[in-house]
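> Could you slot chain B onto chain A? The hints should help.
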Amino acid sequence: MSTVKFGTTVTLPSDTEIAMSRTFDAPATLVWDAFTTPSLLRRWLLGPDGWEMPICEVDLRVGGKWRYGWALPDGSGAFEMHGEYTEVTPHSRIVNTEHFEDNPPAVTVVEFAESGGQTTMTTTMRLVSQEARDAVLATGMSDGAGRSYERLAEVLAAL
Amino acid sequence: MDQLSATFAALADPTRRAILARLTEGPATVKELSEPFDISGPAISKHLRVLEKAGLITRGREAQWRPCRLDATPLQEVAVWAENYRRFWDASYARLDALLTEMKEKEQ
Chain A
1 MSTVKFGTTV TLPSDTEIAM SRTFDAPATL VWDAFTTPSL LRRWLLGPDG
51 WEMPICEVDL RVGGKWRYGW ALPDGSGAFE MHGEYTEVTP HSRIVNTEHF
101 EDNPPAVTVV EFAESGGQTT MTTTMRLVSQ EARDAVLATG MSDGAGRSYE
151 RLAEVLAAL
Chain B
1 MDQLSATFAA LADPTRRAIL ARLTEGPATV KELSEPFDIS GPAISKHLRV
51 LEKAGLITRG REAQWRPCRL DATPLQEVAV WAENYRRFWD ASYARLDALL
101 TEMKEKEQ
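Line by line, the protein sequences are chains A and B. Counting in the working numbering, the first sequence runs from 1 upward without gaps. Counting in the working numbering, the second sequence runs from 1 upward without gaps.
In isolation and in its complexed conformation, chain A is listed as follows (with noise of 0.2 Å):
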């Protein structure tokens, strides 16, 4: 059987918010599977190659925790993120407070459409203002941006 690859799409559909969406060849019950079971987070929520995910907690329950840290085979470079649940609607949308290091605190909505067996996920962060946001934004949350330092200029120049 061969996969099907789709884009990650970004837009903006607010002042204070990023949306991130992405289609994939299942239908939402297996996708909201493997975004709420830790045993199925930790062999794809891992980012480039040789990333480990030694914490992995999800408490799936109006206001239970979450917290996911990940880490290099010998420890280093580890990082972590944590929040928690205020709404959880099975296969459909999941709301959660969004902590990461120095990044200003957001909630993130995820959200599961199923259309024709295949699942769009579509992950809207929601920040405390616009410069919050832009600073995000900044990051190079924003498809592409960050490519290099040319087209982060680029980017600049188009604001």
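Check before you lean on any hint, since a few could be wrong.
Said to hold, decoys possible - Each pair of labels, with its calculated beta carbon distance range: (1) B:Ser45 - A:Gly77: 36 to 46 Å; (2) A:Val58 - B:Ile39: 44 to 54 Å; (3) B:Lys31 - A:Gly77: 38 to 48 Å; (4) A:Val58 - B:Pro27: 50 to 60 Å; (5) B:Trp65 - A:Ser129: 31 to 41 Å; (6) B:Val30 - A:Val58: 51 to 61 Å; (7) B:Pro36 - A:Gly69: 38 to 48 Å; (8) A:Thr97 - B:Thr15: 27 to 37 Å; (9) B:Thr73 - A:Trp51: 22 to 32 Å; (10) B:Gln3 - A:Thr97: 20 to 30 Å; (11) B:Ala43 - A:His91: 43 to 53 Å.
No wet-lab data here; the hints were simulated from the structure. All C-beta atoms in this analysis are idealised placements derived from N, C-alpha and C, irrespective of residue type, glycine included.
For chain B alone, coordinates are given in the frame of chain A:
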């Protein structure tokens, strides 16, 4: 504040990004930089001080007009960080594609 945080903080303001965008075309005086904006000279000077402190611009010594120049060095650090972020999600989602294929096969 570390260099990366200082750069992000400086880039977080739209007026400062517009100033940097202008400086990608070449050096400019404070007067030239303030022309497109409906804000006072002192307000522009304040933005320039933030950019200078973050190491994003340098200012000439000529007392009269002190031209501002873009210094790209801190932006390269941002670019490396951003590239890592993009790679993180691209690589993770590609792995999720493979995992979902495996999960579908198991269900059948």
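> Tell me the hint numbers this structure goes against, listed in increasing order.
none
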